[in-house]
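Chemist: As numbered in the UniProt record's numbering, residues 1 to 490 make up the sequence shown, in order.
Calculated from the structure, these hints are not laboratory results. The reader is advised that the hints may include incorrect statements.
Derived lysine to any residue pairs resembling SDA-like cross-links, with alpha carbons at most 25 angstroms apart [unchecked claim]: (1) Lys-467 - Asp-374; (2) Lys-488 - Lys-274; (3) Lys-274 - Lys-159; (4) Lys-89 - Asp-374; (5) Lys-274 - Thr-240; (6) Lys-101 - Lys-174; (7) Lys-417 - Pro-434; (8) Lys-174 - His-401; (9) Lys-162 - Tyr-69; (10) Lys-140 - Met-456; (11) Lys-467 - Lys-89; (12) Lys-159 - Met-456; (13) Lys-101 - Asp-122; (14) Lys-436 - Pro-414; (15) Lys-467 - His-401; (16) Lys-253 - Ser-405.
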Amino acid sequence: MDVSLLSALRVLAIGLGIWFPLHMIYNLYFHPLARFPGPFWARTTLFWRFWHDLTGLSHWTIQDCHRKYGDVFRVGPNELSFASVQAYKDIYAAKGPRPLKSEFYDMLGTGFSESCVVTERDHKRALQKRALFTSAMSSKALMEQEVVIQRCIDGFVEKLGKLGGGPGGLDLTKWYMMLSFDIGGEMAFGESFGCVDSETSNHWLDTIFAHLHAISIMDNIRRMPLVEKTARLIPTKWTTGIRNRITGFAREKSKRRVERSGETVDFLSNVVEKVRSGKISHEEMAAHCSIIAIASSETSATSLATITYFLLRSPAVHHRLKAEIRDHFKSPQEIDIASATKLPYLFAVIEEGLRIVPTTTVGFLRRVPFPGIDIDGHFVPGGAEVSVSGWTTARDERYFHDPLSFKPERWLDPECKDVKEASQPFSLGPRSCPGKTFAYAQMSVELAKMIWTYDMELVDPSLDWEKQVRLHFVLWKPELYVRFIERKLS
1 MDVSLLSALR
11 VLAIGLGIWF
21 PLHMIYNLYF
31 HPLARFPGPF
41 WARTTLFWRF
51 WHDLTGLSHW
61 TIQDCHRKYG
71 DVFRVGPNEL
81 SFASVQAYKD
91 IYAAKGPRPL
101 KSEFYDMLGT
111 GFSESCVVTE
121 RDHKRALQKR
131 ALFTSAMSSK
141 ALMEQEVVIQ
151 RCIDGFVEKL
161 GKLGGGPGGL
171 DLTKWYMMLS
181 FDIGGEMAFG
191 ESFGCVDSET
201 SNHWLDTIFA
211 HLHAISIMDN
221 IRRMPLVEKT
231 ARLIPTKWTT
241 GIRNRITGFA
251 REKSKRRVER
261 SGETVDFLSN
271 VVEKVRSGKI
281 SHEEMAAHCS
291 IIAIASSETS
301 ATSLATITYF
311 LLRSPAVHHR
321 LKAEIRDHFK
331 SPQEIDIASA
341 TKLPYLFAVI
351 EEGLRIVPTT
361 TVGFLRRVPF
371 PGIDIDGHFV
381 PGGAEVSVSG
391 WTTARDERYF
401 HDPLSFKPER
411 WLDPECKDVK
421 EASQPFSLGP
431 RSCPGKTFAY
441 AQMSVELAKM
451 IWTYDMELVD
461 PSLDWEKQVR
471 LHFVLWKPEL
481 YVRFIERKLS
């Protein structure tokens, strides 16, 4: 090896050997967040956060740290995790200066040259983009599109009996994802992906989890300036291939929706009209459609799998819910959005599922504006990244009695002292999830039709499904095999 190169490498090694400990000392004693507690390696380096993200167990680790350090601790040198109701309000719903979305959302929108309703970081522009979907996500629009949703759900329920009646049952983790993806396709592109009909996953669906995992890795890398700059110079086949499959498919599907002849009315009609008139670009529509298809399908599938698991592990809850649904409806054809969403115990079961394994397990990162703001009584200087751990807060004994137990009754009992605000599955404030009404409607009809039609049981009653869940930005869920027995009508 060339002597000059060896000398340069030696100088670099010495420089890093001096810089790294000095940087750790700065982060530990002189950084603007130095007064906040946390694990030593979290306060001094970015590797603590990166490592726990890679394990998929960061939600459990962050919960343990909050129990040790309190309502706020340092996840990284420039990042704080909060776990309180007041922090939810101060970070996501403050009326005065509020933290804005962090650079994480640039990672989430990678591959598109235009931002979408979720990835836009500027508050004013984000509200303008959100207005595009106000009518599409309204109760009125939902009722107008109910026939599309019902068609997808009816096909799903039929497949459960056809394929899930044997001793091996059916993997509902997979099938909920396929159903939600079909419905997400109808929402985002005006056509189903056909996963349930074909009884197989779609190649785009298979790519989504790898795509989101890559984003979670790149989000950690972007916090390390030297590593991030190097990574940009060496794009890998893995990251670029995944990104191109996701974005290319979204562009192709959204283009086809715009070019479709006739006056098709669906969830995206308003956006399509603005593309045709030149008010928004094809690229922006593709970005919107991609995030809608991914977000609507993954979150609904996670919630439905969670609810089903805990329901089948709780015989008394399962019995009460079956009685409510079967007493209220004489046939599955009677079950629609209007009636299913009015069943009180079904609503409580859904709320409890959303609480115990929230789809917002990962904290929604925000960047504190300068010069800083108060969050739950703590002054946080400008430039810091902050979030609330939805997993920790919704499982806090201060807010929920017996928080690790699946108890839907807590949502119905007027005497219950639980602090319901500690469960925010759709976040809150002006940047909360615009699809909340749609999600409740979809889950209510799916569960009602499935429970009316079948008796269900876990194939493996000893399954500890919750402990096998891993977090890589979204929850990676283990298999959930359920056996379906068509009920006998007297």
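Chemist: Each hint: holds or not?
Modeler: Outcome of the hint check:
1. At roughly 35 angstroms between alpha-carbon atoms, Lys-467 and Asp-374 are farther apart than 25 angstroms, so this suggested pair is violated.
2. Note on Lys-488 and Lys-274: the hinted pairing is violated, with a Cα-Cα distance of about 51 angstroms set against a maximum of 25 angstroms.
3. Note on Lys-274 and Lys-159: the hinted pairing is violated, with a Cα-Cα distance of about 38 angstroms set against a maximum of 25 angstroms.
4. For the suggested pair Lys-89 and Asp-374, the alpha carbons sit about 11 angstroms apart, so the restraint of at most 25 angstroms is met.
5. About 30 angstroms separates the Cα atoms of Lys-274 and Thr-240, which puts this hinted pair outside 25 angstroms; it is violated.
6. At roughly 32 angstroms between alpha-carbon atoms, Lys-101 and Lys-174 are farther apart than 25 angstroms, so this suggested pair is violated.
7. For the hint linking Lys-417 to Pro-434, the alpha-carbon distance of about 29 angstroms lies beyond 25 angstroms, and the restraint is violated.
8. Between Lys-174 and His-401 the CA atoms are separated by roughly 32 angstroms; this puts the pair beyond 25 angstroms, and the hint is violated.
9. Under the criterion of a C-alpha separation no larger than 25 angstroms, the hint pairing Lys-162 with Tyr-69 is inconsistent with the structure, at around 51 angstroms.
10. A hinted pair counts as satisfied when its Cα atoms are at most 25 angstroms apart, and Lys-140 with Met-456 does not qualify at roughly 33 angstroms.
11. Proximity of Lys-467 to Lys-89 is assessed by CA-CA distance (about 30 angstroms); at most 25 angstroms being required, the pair is judged violated.
12. For the given pair, Lys-159 sits about 14 angstroms from Met-456 by alpha-carbon distance, which is consistent with the 25 angstroms threshold.
13. Straight-line distance between C-alpha atoms of Lys-101 and Asp-122 comes to about 8 angstroms, which keeps the hinted pair within the 25 angstroms bound.
14. Taking the CA atoms of Lys-436 and Pro-414, the gap is about 24 angstroms. The hint holds against a cut of 25 angstroms.
15. Among the hinted pairs, Lys-467 with His-401 is consistent with the structure: their alpha-carbon atoms are about 21 angstroms apart, no more than 25 angstroms.
16. For the hint linking Lys-253 to Ser-405, the alpha-carbon distance of about 43 angstroms lies beyond 25 angstroms, and the restraint is violated.
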